[in-house]
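Student: Next come the chains, spelled out residue by residue.
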Amino acid sequence: MRFHYDTSYHDGQTLLRYPVGRIAYAALLLALLVVPWVLPKYYVGEMSYVFIMCIASLGLMTLVGYTGQVSLGHSAFIAIGAYTETWMLSQGVPFGPSLLIAACLSGVIGLVIGLPAIRVSGLYLAMVTLAFAILTEHTIGHWKGVTGGFNGLSVGNPVLAGFDLGGLKPFYYLCLGVLVLVLAGLLNLMRSKTGRAFMGVRDSEAAAYSLGIWVAGYKVLAFVISAMVTGLAGALLAHHVRFLTPEGFGLILSLELVLMVTIGGLGSLRGAILGAVLISMLPTFISRIKPMLPEHISKQFGLEIFVFGLVLALFVLFEPKGLNGRWIKFRTFLQTFPLYRKDMFKRGKSYMKSERYK
Amino acid sequence: MSVFEVKDVSLRFGGVQAVGNVSFTVEQGEVFAIIGPNGAGKTSMLNVITRVFDPSAGSVVFEGQDITRLPRHKIVHSGIARTFQNIELFEGGTVLDNLLLGRHRFDHGSFLAQWLWTPGVRRAEAASRAHVEDVIDLLDLMPYRNSPVAGLPYGVRKVVELARALSTQPRLLLLDEPASGLNPEETRELAFWIDDIQKDLGITVIMVEHDMSLVSEAADRVLCMNMGQVLALGSPAQVQGDPAVIAAYLGG
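Respectively, the protein sequence lines represent chains D and C.
Quick note on numbering: the first sequence equals residues 4 to 361 in our numbering.
Quick note on numbering: the second sequence equals residues 64 to 315 in our numbering.
Bear in mind the hints are in silico, worked out from the structure with no lab data behind them.
Backbone N, C-alpha and C fix where the C-beta goes; we use that ideal spot for every residue, glycine too.
Be a bit skeptical, because a hint or two may be false.
Below are the EDC-like pairs computed for lysine to aspartate or glutamate, each with C-alpha atoms no more than 20 Å apart in a straight line [said to hold, decoys possible]: (1) D/K324 with C/E154; (2) C/K262 with C/E252; (3) C/K262 with C/E154; (4) D/K302 with D/E322; (5) C/K137 with D/E208.
Examples of chain D residues toward chain C, derived with CB under 10 Å [stated by the list, open to error]: (6) R20; (7) H145; (8) A164; (9) V183; (10) A187; (11) R194; (12) R199; (13) G203; (14) A211; (15) S213; (16) A219.
Partial list, derived from the structure: chain D residues whose beta carbon lies under 8 Å from chain C [to be verified]: (17) S124; (18) Y127; (19) G144; (20) W146; (21) N191; (22) A200; (23) M202; (24) D206; (25) S207; (26) L214; (27) I216; (28) V218; (29) G270; (30) T335.
Put together the whole structure using the sequences plus the hints.
Tutor: Laid out in structure tokens, this is it:
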């Protein structure tokens, strides 16, 4: 049993308050540092990909989970990040700054999209961002001078201070490092004023205005942060795939990202990570178990999409709070053992809301 | 010189006149109640003051500053906080999150500093927490501090909303039907709190209310509205005895 008592004004916002948590996360980090020396090469590459998807998922979570703005267009920010990175390297910009430029350009385009997009919400916003993703994919396909069009574009090696980070192990550590930095930054942001304001904008605009939160400003800010982080993931992804084609940044990628944040659990950074790990590992998992399936199933076209859909449907039906919700229940079970009750997380009736002003 | 003044405010929605030429003044430290039958324009009046709606005519002045054209999110910076008729809490957060959001108008470090969680940000957050704890003490919210607001009973949610408004450290507090949905005990408790807010914190209160027991207990002066017009203005007893008010309520 553990009781939560705040004994100082800082306690409420301390990230890892208890030794158990600190030890667990230190062990996790240590394990991740050892992975490239233990696991087979193939899996090291896969893990780098998982880290990149975690970054992208964190980016989308900032927008969808924290400010409640749905985006089906985040594949476009990944594409912008990836192509900017590749083009910058081909123009002789060194690797480190190129990452920053890719993130910033993606952020600027996020600003340009965000300014008109915040006027609409819900399904309409989803459609606006969807249109943006389709437009970006086509623009990339036809802007041959910069992007190589549908023929594709090969990506230069990430060389930092004479050291090639493109190798399997260095790239793994690079992705891990960027992920940790992004996660730390977002954790800080979400526990301070900006993160609270995001939540305020999501839950009640009327109340947010009355407390002095500039709703439109924070919506756009979320768009920009989200686009920057996702663009950064895109820049790393370019080095992972080494050859860019417009088809690689289609709607499926957007949908996968939305799946990650939904299945992970909206409104939680941990959820973004868990969802990204699950969804980006699914294809590998499916290809592993394919040989074990009867032939008429394993030869089916679109098996992956089917499994994605199935996983989403099951989560929406049985665990709407996602993997994060499941985790919190499990943790509470451990912390309150043996007093855990099954209906501990049953919510009371939520009261009707009206008086919604635009 | 009155601290708060509404001058000839009108509000039209197309052909409907929600508020017509309403004027009143509120003195420093006063509890001022607005009553009236449904659709009288009471909440519309509050929404004009907090800039949800643009008035068609007239002006609103607080502490000598004309706030009629202030952007909606700047109202709280001039020292005006409000609650809502149908509770508008941030459902995703705990009571503490909601109250800390009430501190939004105060400095909590620059964006970059927040990103890095600098010592300055930590100090500002702790200072905010200290202020919020004062409000929690005042309104007896200690047992609910870390509870998600979505699961709280209605009466407590009302108090949380009041606490959130107080967290902004207002000089003028607008309460939109604070007693609706509360039982008589909770209403009486609310009357004491309004008294505390007025006497101990020196906050001027304007409330829209239906519950006459609360109005006569807490209010210094009462404004009765009907069909967007001022019907009567005076002490609770005066207004309750006014023939025009009785006619409006009973349909005489």
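Student: For every hint, state whether the structure bears it out.
Tutor: Hint check:
{"no.": "1", "hint": "D/K324 with C/E154", "verdict": "holds, 14 Å"}
{"no.": "2", "hint": "C/K262 with C/E252", "verdict": "holds, 15 Å"}
{"no.": "3", "hint": "C/K262 with C/E154", "verdict": "violated, 31 Å"}
{"no.": "4", "hint": "D/K302 with D/E322", "verdict": "violated, 31 Å"}
{"no.": "5", "hint": "C/K137 with D/E208", "verdict": "holds, 14 Å"}
{"no.": "6", "hint": "R20", "verdict": "violated, 13 Å"}
{"no.": "7", "hint": "H145", "verdict": "violated, 37 Å"}
{"no.": "8", "hint": "A164", "verdict": "violated, 25 Å"}
{"no.": "9", "hint": "V183", "verdict": "violated, 14 Å"}
{"no.": "10", "hint": "A187", "verdict": "holds, 8 Å"}
{"no.": "11", "hint": "R194", "verdict": "holds, 8 Å"}
{"no.": "12", "hint": "R199", "verdict": "holds, 5 Å"}
{"no.": "13", "hint": "G203", "verdict": "holds, 5 Å"}
{"no.": "14", "hint": "A211", "verdict": "holds, 8 Å"}
{"no.": "15", "hint": "S213", "verdict": "holds, 5 Å"}
{"no.": "16", "hint": "A219", "verdict": "holds, 9 Å"}
{"no.": "17", "hint": "S124", "verdict": "violated, 16 Å"}
{"no.": "18", "hint": "Y127", "verdict": "violated, 22 Å"}
{"no.": "19", "hint": "G144", "verdict": "violated, 36 Å"}
{"no.": "20", "hint": "W146", "verdict": "violated, 33 Å"}
{"no.": "21", "hint": "N191", "verdict": "holds, 4 Å"}
{"no.": "22", "hint": "A200", "verdict": "holds, 6 Å"}
{"no.": "23", "hint": "M202", "verdict": "holds, 6 Å"}
{"no.": "24", "hint": "D206", "verdict": "holds, 4 Å"}
{"no.": "25", "hint": "S207", "verdict": "holds, 4 Å"}
{"no.": "26", "hint": "L214", "verdict": "holds, 5 Å"}
{"no.": "27", "hint": "I216", "verdict": "holds, 6 Å"}
{"no.": "28", "hint": "V218", "verdict": "holds, 7 Å"}
{"no.": "29", "hint": "G270", "verdict": "holds, 6 Å"}
{"no.": "30", "hint": "T335", "verdict": "violated, 13 Å"}
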